[in-house]
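K.L.:
Residue numbers (this note's numbering), protein chains in the order written: chain A, 84 to 438; chain B, 84 to 438; chain C, 896 to 1073; chain D, 896 to 1073; chain E, 2 to 249; chain F, 2 to 249; chain G, 149 to 221; chain H, 149 to 221.
Simulated from the structure, these hints should not be mistaken for lab results.
Check before you lean on any hint, since a few could be wrong.
Pair ranges (Cβ atoms, derived) [said to hold, decoys possible]:
1. L139(F) with N350(B): 52 to 58 Å
2. M234(E) with R288(B): 41 to 47 Å
3. L274(B) with L139(F): 43 to 49 Å
4. L274(A) with T319(B): 25 to 31 Å
5. E376(A) with E376(B): 24 to 30 Å
6. L139(F) with R288(B): 40 to 46 Å
7. D86(F) with K312(B): 53 to 59 Å
8. P235(E) with R978(C): 52 to 58 Å
9. L274(B) with T192(G): 57 to 63 Å
10. R1053(C) with V131(A): 19 to 25 Å
A virtual CB, placed ideally from N, CA and C, is assigned to each residue, including glycine.
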Amino acid sequence: MLGELLLMKGNEAVAEAAIRAGCRHFFGYPITPQNELPEYMARRLPEVGGVFVQAESEVAAINMVYGAAGAGARVMTSSSSPGISLKQEGISYLAASELPCLIVNMMRGGPGLGGIQPAQSDYFQATKGGGHGDYHLIVFGPESVQEMVDLTPLAFDLADRYRNPAMILGDGILGQMMEPVELSEMLDVQLPPKEWATTGRSGGRRHVVSSLYLDSSELEKLNKRLQDKYLEIMRTEQRWESLDVEGAEVVLVAYGTTARVVKSAMNLAREEGIRVGLIRPITLWPFPTKAFESLEDVGRFLVVEMSSGQMVEDVRLVVNGRWPVSFYGRTGGVVPDPKDILARIRELARGGGTR
Amino acid sequence: MLGELLLMKGNEAVAEAAIRAGCRHFFGYPITPQNELPEYMARRLPEVGGVFVQAESEVAAINMVYGAAGAGARVMTSSSSPGISLKQEGISYLAASELPCLIVNMMRGGPGLGGIQPAQSDYFQATKGGGHGDYHLIVFGPESVQEMVDLTPLAFDLADRYRNPAMILGDGILGQMMEPVELSEMLDVQLPPKEWATTGRSGGRRHVVSSLYLDSSELEKLNKRLQDKYLEIMRTEQRWESLDVEGAEVVLVAYGTTARVVKSAMNLAREEGIRVGLIRPITLWPFPTKAFESLEDVGRFLVVEMSSGQMVEDVRLVVNGRWPVSFYGRTGGVVPDPKDILARIRELARGGGTR
Amino acid sequence: MLHEILIAGFGGQGVMSMGMLLAYAGMTEGLKTSWMPSYGPEMRGGTANCSVVIASDAIGSPLVTEPSGLVVMNLPSLEKFERKVKPGGLMVINSSLVKKKASRDDIEVLYVPANDIADELGNPRVANMVALGAFVAKLRPVKLDSVKASLKKVLPERRHDLIPLNERALDRGAGLVD
Amino acid sequence: MLHEILIAGFGGQGVMSMGMLLAYAGMTEGLKTSWMPSYGPEMRGGTANCSVVIASDAIGSPLVTEPSGLVVMNLPSLEKFERKVKPGGLMVINSSLVKKKASRDDIEVLYVPANDIADELGNPRVANMVALGAFVAKLRPVKLDSVKASLKKVLPERRHDLIPLNERALDRGAGLVD
Amino acid sequence: MKQVFKRPQALSDTVMHYCPGCTHGIVHRLVAEAIDELGILDRTIGVASVGCSVLAYEYFECDFQEAAHGRAPAVATGIKRVLPDRVVFTYQGDGDLASIGTAEIIHAATRGEKITVIFINNAIYGMTGGQMAPTTLLGQKTTTTPRGRLAEYHGQPIRICEMIKELDGAAYVTRVASNSPRNIAVAKRAIRKAFQVQLLGLGLSLVEVLSTCPTNWGLTPVESMKWLEEKMMPHYPLGEFKSPGEVK
Amino acid sequence: MKQVFKRPQALSDTVMHYCPGCTHGIVHRLVAEAIDELGILDRTIGVASVGCSVLAYEYFECDFQEAAHGRAPAVATGIKRVLPDRVVFTYQGDGDLASIGTAEIIHAATRGEKITVIFINNAIYGMTGGQMAPTTLLGQKTTTTPRGRLAEYHGQPIRICEMIKELDGAAYVTRVASNSPRNIAVAKRAIRKAFQVQLLGLGLSLVEVLSTCPTNWGLTPVESMKWLEEKMMPHYPLGEFKSPGEVK
Amino acid sequence: MDRKVIFFEDRCKGCELCITVCPVNIIYMAEHINRQGYHPATVTDQDKCISCGLCARICPDTVIEVFREDRRK
Amino acid sequence: MDRKVIFFEDRCKGCELCITVCPVNIIYMAEHINRQGYHPATVTDQDKCISCGLCARICPDTVIEVFREDRRK
Ligand SMILES: Cc1ncc(C[n+]2csc(CCOP(=O)(O)OP(=O)(O)O)c2C)c(N)n1
Ligand SMILES: Cc1ncc(C[n+]2csc(CCOP(=O)(O)OP(=O)(O)O)c2C)c(N)n1
Ligand code: SF4
Ligand code: SF4
Ligand code: SF4
Ligand code: SF4
Ligand code: SF4
Ligand code: SF4
Ligand SMILES: [Mg+2]
Ligand SMILES: [Mg+2]
């Protein structure tokens, strides 16, 4: 298969990529704009000896994922914004019990029932923890169907390596669009041994999956272990794309679908002679602070999101006052227009010196 | 009643304060450490013509609150961390439909099932939006039973004024402890007229409560309206306590239970001749940025939380690199010890100049 | 090179596969290409449309709001999208169903009696191919042959017997363009 | 002035109301005061305890981890909390149930045969008041009279007939302290 | 000339967004007729659910709240407990009521909430494009049962009335169909009766209406009515499962 | 001397944290005995729920997962769908199963998940300190029904077996009690049978065990057993509600 | 003579359900297309109509109103 | 003679359930307190025990083991 280009919908491409990465169990509940993902799984999984279960709700689905992950399976679920909100308790449990799995959120406009068009307003929820307690998911923000496909096996692998749930944070456009995509071959995935899994006293030892620690000092120990792990992930797993950053008058920061539009805007800006750069986070958590830390000669930052301003806080945190940071966002399913972004770039390039 | 001191449990005091502020409807589900709150309501509400419903789950409870708030009632619910996670979808709906209500979270140690001892690790969830979409609750972080009681009517009033859900973010200690408390008299609360409420075509006009906007530009309009409201709240409703901040070598930042402990530590530090100050946010959202903005002569900041570090991000955001910001946290139900905080203060006072 | 194409019509008119054929053809020609449907319940009983972008460089948003090429298969689509076409762009109108004329004079307009020609060909369902043939022949975002070659990838297996007919329809459409 | 008091025992021994009486008495004397129970299922079948802080200034954490005054009503509580008492602090031991002696010599220890005295008074349930009387008489965080006055606030209505008995128990305890 | 059939006043005159032949429209009208006949328009509050009928609030003239997916009975509980003298009804699909909202309907019934539930069973998720519902029939193909629903793999279709009738707080439980003028007339009486049960404060009333989804069934509206009768009715027998003596 | 009664091997020898006389301990032992007798210790995975039995995983010798409140049947579904040849059971209280977890148990039964559910009905929330459960009896005082449960205000106690038996995927549904040696012996057979039903792949098996909570009922253990018999049994009749022919 | 059955044809979605229930078979789908893009149902043989109302009862889009000659006149 | 019924008394929580079911009424609560702080159940009249096992069956804390004389001997 390798090498052949296919024209696939994002939702279906992720599903196929997951299957090729060895995922054989999917638990989900329908919601637009990600329905093609479970539907693809419903068709394909039985063909490869896997199991698809349409759960009675998102709450049930995430807890099925918990059970399956605890039993050692490579397992995933997917949903979109309101459905992901319902999963927050379960996600906190998965993180606390250190169970690997993949959660896909094809974001749509919120809050509330909102709409079904693309948005990026669940960034806080995904990266800061929408559930209770101190925990983190490993969150990816792909910008294309191809990247989504490439990140899927990586997400599973990192989830296993760190025993931590991973999330792909897409949106309605990434889920619904078709693009040429190259899939890896069906991997004969040898999952890493999961000695901790509850498979029925394997090796004669019994195993327990739990996140209950009635003793505060025990619970603090769990939290320390988790925080150490998160530090390690922050050190090791940051991923991003940097384009023409040094010397840029305006450095744009954007992820996912928005990054594509920003790239169009940058082309327009370059035509006008404005020096623009881009930092495109690929991992949203860990946020790619390294992309910012060694910067010297930049003018200012412009963060663009399909939200009222969420990732911009992480940019401000890492920039820490060294340069001005501006924000431009559209909400509710409206995709920013490159020309509008260009207008912001122009203003900033005019207004701002190198500092 | 006014003027009489009572010794009351935090959970019960909030309940009584809510009733005196005109709350007549409570929907909740048991969870430690806040059970005395619904139990008090179960006893008291029928006596004052109100209604207590033990819902089948936290999900049902928050949606009952939605219905009751939409029908114009002054209504509340309470829970603790895992239960609050389950409410996230409903909270996003309440915010999107601009329904006033009060949500109490007596936080306990997480993530997952965790433990039942006090914690502050749901700060992100409460202030950044644990649910999907761009929204904010008005979040209060009281430090004592008395303050919790005083903030309860305010929370209801602001919720009504801004048509926005409000939250009291307490913890196991604030819920379980008894302290002397002075309650206001039973108010004959005249709720502000709620013309938008669905009470059966009142005034001959029909009313609809909904957060569905299939058209992106309509949904963007809702988001703009919400953001404008949030800006207004940020401008008008910041509340905090500042103590000896100007000239301090170390300015502590802490809220809730932790702030009490920090005050003990500050007494110890003063005895050693260290100049210490405190900024204690009372509103967590809007975060009291004004408390920081005009500062001149301070050395550095030390944020103390019962978490792995959440509010510290808001401090870093407002400080924006002007001064160093350090963090000290305990997790899992462990309450920081004043002596350990003192040790941090000493280190920082020794290490840091005025900048 | 950058073609931003919008194809719009009623639900059953086959506008989605018109777009997919273009995208597929672009891909086989080594171009960057994307296809994006309108989605969700608002489609119910209303108009359906899809965006196709074919470009030599990386594609920004796959959502086309100001098309350089527009195909309208029914009247509501004309009313909704005509004013959005880029000046100098192309609009193909299915004149069998759309009796109204274009009101813009800063764009190129091609009237294609797609349903009539499809009826002539013996199957009203290939009206979309007639319109697509004309559109491709005029705008040349991809080669007509690439579109034909894409038929067997885009049409479901059970429709493959109709490929010759579809090819004829594409040709008839293309034939309208001198 | 700062008293950090811990009172610990079995579930049914009335340790919670001992603490509440202290807190209430402190309040009536115009002092800052707080009461905090151990809570949750870990209490089940185990020990229960409560923290009381009585102070002239604002109270930091209401949780007492290093008490200046400790009352232990049973053996497990002695084993768990003795070592946490501040040097120079006071520990009252219910010597009716706790046969072990204290092992610290840097604190003051008072042995009170609380259950025996309660039995003498005709009701084993007032052992807690005997111990509390002794504790208050020795440490003097509040006046014994304030404690007595608090009885009717802290005891549930249906127990108010027992107030005289409770007062006698408090006095008997206090009487043990010269 | 005397008008023997006219648009009920409780129905707005907006053209509904439902697909051609979708019976959601019929049931909307029946609910509106019942509201008209009982004269309760000014004191009725509807609760729309998430499903194709999410926009129901556009089609009725009474007050409405739009509830989160599955939570309409909880929302209705909130309203009714605040306004006990108003009439509150929910309008829910089979995904909404029988899947994600299972706990909410069962506990509203257990509590005996004095609300009326109109339950549209069309054996599929209409709005999201035709996935399996808990009520999907064995063998029925949907986008998530591409080979047809299998008892062994997906379980068997759930019968809501049969289950809800076991709950003491449910006062009136009935199943009707929307497939013929005769059945529609029966459905109409059932809906009115359900409101009457609420007005008398007898407990929760639930009317399950067997309905069609021509679009996702892949059938014409006319074929759909036949399919409803031939396939659905055998598994979902019509009739009153529970009825209080007080209301005829 | 021949040993006629000994601690089952599937039970760990940790002293359980339950209150004196709490029947959770009895039921734990019965489950362990069934596991021993069927020889399935090495391939059994238990799912503990949130309630007093949250620490059940400390008391059994088999693998265990601790599920979120109410979600044990979903967790069990996840495990069983991954490991279809293992034996999976949940152990849930009445708050867990009959309140917050209503949707999960009903849909596990609807799907016919091949799992076994041990359902402890003690008519109260034990762990959180005695609040009303959906199974709390009319008139029963709890911390959230301080004047006793009222049908009009709180609804009537829910009968789970009667409801679950209506679901086609439920293969074995029975109610037993833990209040006397005789009933305990019946309970033991029911639990073993429930596992056998699972081993034969017949569908979901559920054993409801009427149990006590002396602490929150405010009764001695001995009084509690009497209360169970006199108050609970009339509302919750014992017996098999559904049983497959295959297993005796 | 007045019309006994009125079709508000712009509301019609052409589902044809009314046709299947008319006992006298007088409803048919018009050739033209209405505002929504459907062939609307229609009746021209008004006098054959027996005012039974079945068409209106089954119509999902409240397209139809039915009248009956007032007997008392 | 060997004991027919053994109480592992440190496990006992003194609930007294066993007492209520013993058909020969030989179980009683000991005076002393066990490690957990309860008066444990106990039997001294071992010979009266009929090895019926009822006490063990109802004991929630698996305190009790029961033996029977081997008939075959
Ligand atoms: C929490 C949540 N999950 C999922 C969805 C997506 N969703 C919208 S409608 C629907 C099901 C609709 O089916 P049904 O209730 O049967 O109504 P119908 O459309 O068939 O009338 C779903 C799953 C949602 N909006 N919110
Ligand atoms: C999401 C969530 N809500 C609430 C709780 C609090 N909680 C713990 S156990 C329990 C109920 C226990 O009652 P039951 O299931 O009947 O078990 P029992 O203790 O009676 O054996 C509740 C409400 C929780 N842990 N998580
Ligand atoms: S999708 Fe189905 S249920 Fe929804 S409106 Fe269309 S026909 Fe009706
Ligand atoms: S609280 Fe009740 S259910 Fe829980 S262990 Fe004690 S007696 Fe058993
Ligand atoms: S009223 Fe009856 S007879 Fe007249 S058109 Fe309608 S169905 Fe036919
Ligand atoms: S039933 Fe109504 S919508 Fe359908 S064709 Fe007849 S008039 Fe038109
Ligand atoms: S085995 Fe039977 S006879 Fe012996 S002590 Fe136990 S209950 Fe009594
Ligand atoms: S039943 Fe068991 S725990 Fe209870 S008293 Fe008897 S031996 Fe002790
Ligand atoms: Mg449906
Ligand atoms: Mg219980």
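K.L.:
None of the hints should be skipped; say for each whether it holds.
P.N.:
Results for each hint:
1. L139(F) with N350(B): 52 to 58 Å: Holds, since L139(F) and N350(B) (Cβ atoms, about 56 Å apart) stay within the stated range.
2. M234(E) with R288(B): 41 to 47 Å: Because 42 Å falls inside the window, the suggested range holds.
3. L274(B) with L139(F): 43 to 49 Å: Given range 43 to 49 Å: violated, Cβ gap about 35 Å.
4. L274(A) with T319(B): 25 to 31 Å: For T319(B) against L274(A), whose Cβ atoms are near 55 Å apart, the range 25 to 31 Å is violated.
5. E376(A) with E376(B): 24 to 30 Å: For E376(A) and E376(B) the Cβ distance comes to about 26 Å; the hint holds.
6. L139(F) with R288(B): 40 to 46 Å: holds (43 Å)
7. D86(F) with K312(B): 53 to 59 Å: At roughly 57 Å between Cβ atoms, K312(B) and D86(F) fall inside 53 to 59 Å, so the hint holds.
8. P235(E) with R978(C): 52 to 58 Å: The hinted range 52 to 58 Å holds for P235(E) and R978(C), with Cβ atoms some 54 Å apart.
9. L274(B) with T192(G): 57 to 63 Å: holds (59 Å)
10. R1053(C) with V131(A): 19 to 25 Å: holds (24 Å)
When the structure is compared with the earlier hints, violations turn up for hints 3, 4 and for no others.
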